[in-house]
Amino acid sequence: MRFKVISCQVLTWEMNHVLSRSPHSIVTEILPMGLHDLGAAMRPRLQERIDAADEEGYDAILLGYALCGRGTEGLRAGKTQLVLPRAHDCIGLLMGSRLRYQDYFDTHPGVYFRSPGWIDFQIQGQTLEPANSAANYTIGERQTREELIARYGEDNGNYLFEQFNAFRRRYSGLTYISTGVASEDNFRSLARAEAEKEGWIFEEIEGSLTLLERLVNGKWDAADFLVVPPGATVQGALGESIVEAI
Amino acid sequence: MAQSKELYEAILNGDAKKAHAVTQAAIEAGTEPMTLISESMVPAMDEVGRLFEEEEYFVPELLLAGRAMKSAMELLRPLMVASGQKLSARVVIGTVKGDLHDIGKNIVASMLEGSGFEVIDLGADVSAEAFVAAVEERKPQFVCMSALLTVTMPAMKTTIEALTNAGLRTRVKVLVGGAPVTSRYAKEIGADGYSENASGAVGLVRNLLAEA
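In order, the protein sequence lines correspond to chains R and Z. With the first letter of the first sequence counted as 1, position 166 gets the number 165 in numbering that gives the first Met the number 0; the numbers rise by one all the way through. With the first letter of the second sequence counted as 1, position 161 gets the number 160 in numbering that gives the first Met the number 0; the numbers rise by one all the way through.
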């Protein structure tokens, strides 16, 4: 079959791995990571690419995304079926199971997650430009102390920096999700170094490519995948199915 | 009144030091705390909320206005406690269990405090049990919950269930918010209200108080 994959950059390593093993004809598009930071502006970015793919007569458009803070809610393709793995976010995807993620999350409070993509593509201090430049969801979390002081003066600048970064002190652990991709040793070392720098306890867990694998192989069992018929729309669901089509 | 305008401006401009100094001077000049709150602080916070809605103020401006408000409040609060002055409503607020994000919640807490309500901030990663205990001990009229992750949103439902099981649900109005929270979700879990932002939260509390 012919598929279009539209995927978040953070999954690049894992996606490349599963794509190379898929028997299907697949064209892939990678969108920059961090779109979830744009809040409501994430959806139009993805929708634009879905609309373009919708014209190409694919058998399905596969999304390398999850609910992503509702960033994928509202997506639709008029003529093509859309497939979305059931997960809250990429961490759930990388763990291979939303149930495993919920369980780990509930039993490991205060954990920061890292994966090959999170280490490789996250650029320090990078901020995405939202579609609407006056948008009030760009809250300045990534600004440096110097930038905030330059803008708000020393007293207020320092205060804002402390406010935006206070949450980091509430984290107590960093969990690196190993997905068995190339260059893993390097990413693991960098993750460990970050944990040390922040004073967080480092833990490594083995991720799983099962969801991404089944996504690109066309094995979309209803339990783990949302298949959105042409013309229907992705919506967040209340329970553990996470997403539904309406 | 000169001091009213100065405190109003200091809060609007996020000038904590000025807000503190002006409040100190006002107290020494014999101004009633409630007068300062109702005539300077509340209007200033209302204006801050309006500027945010108009997209002229953003999160940093809200945080700084909140900071200025708090620096004034820390002088006023002890006087009000000493004179037995009660505020119109008591609000317990927190980010739900498992969720460590609190900037939005802090802003809502600031806006509510600056609008003349008594706010008890439980912080982040607040369990259902902790919310229940706070309701039992502090007897608020409102419980406000925040979540920034869809993973932690279910804790809102758990907390409402815990309040019900403890026989406390009908004593409070439960309000929810946070980036992935929606008014539909609020209805589904049986919350009493939802707000998209901090100034909306203030309006919600005022409306619900007026209905009560």
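Simulated from the structure, these hints should not be mistaken for lab results. C-beta atoms are modelled at their ideal positions from N, C-alpha and C, and glycine is treated no differently. Some hints could be false.
[Unchecked claim] Here are some, though not all, of the chain R residues that point toward chain Z, as calculated from beta-carbon distances under 10 Å: (1) Leu18; (2) Pro108; (3) Phe201.
[Stated by the list, open to error] Simulated restraints, written as ranges between beta carbons of each label pair: (4) Lys138/Z x Pro229/R: 47 to 57 Å; (5) Glu46/Z x His23/R: 49 to 59 Å; (6) Leu98/R x Glu46/Z: 29 to 39 Å; (7) Lys16/Z x Gly230/R: 29 to 39 Å; (8) Ser188/R x Glu55/Z: 39 to 49 Å; (9) Glu183/R x Arg170/Z: 50 to 60 Å.
The hints, checked one at a time:
1. Residue-level restraint check for Leu18/R is violated (minimum Cβ-Cβ distance to chain Z is 27 Å; threshold 10 Å).
2. Interface restraint check: Pro108/R against chain Z, minimum CB-CB distance 6 Å, threshold 10 Å, status holds.
3. Proximity of Phe201/R to chain Z is violated relative to the hint, the smallest CB-CB distance being about 18 Å (cut-off 10 Å).
4. Against the hinted window of 47 to 57 Å, the Cβ-Cβ separation of Lys138/Z and Pro229/R comes to about 54 Å, which satisfies the hint.
5. As the Cβ distance of Glu46/Z to His23/R is approximately 58 Å, the hint placing it in 49 to 59 Å holds.
6. For the hinted restraint 29 to 39 Å between Leu98/R and Glu46/Z, the CB-CB distance of approximately 48 Å leaves it violated.
7. Between Lys16/Z and Gly230/R the beta carbons are some 59 Å apart, a value that contradicts the proposed interval 29 to 39 Å.
8. Our hint of 39 to 49 Å for Ser188/R and Glu55/Z holds, since their Cβ atoms are close to 46 Å apart.
9. For the hinted restraint 50 to 60 Å between Glu183/R and Arg170/Z, the CB-CB distance of approximately 54 Å keeps it satisfied.
Violation of the numbered hints given earlier is confined to hints 1, 3, 6, 7; the remaining hints are satisfied by the structure.
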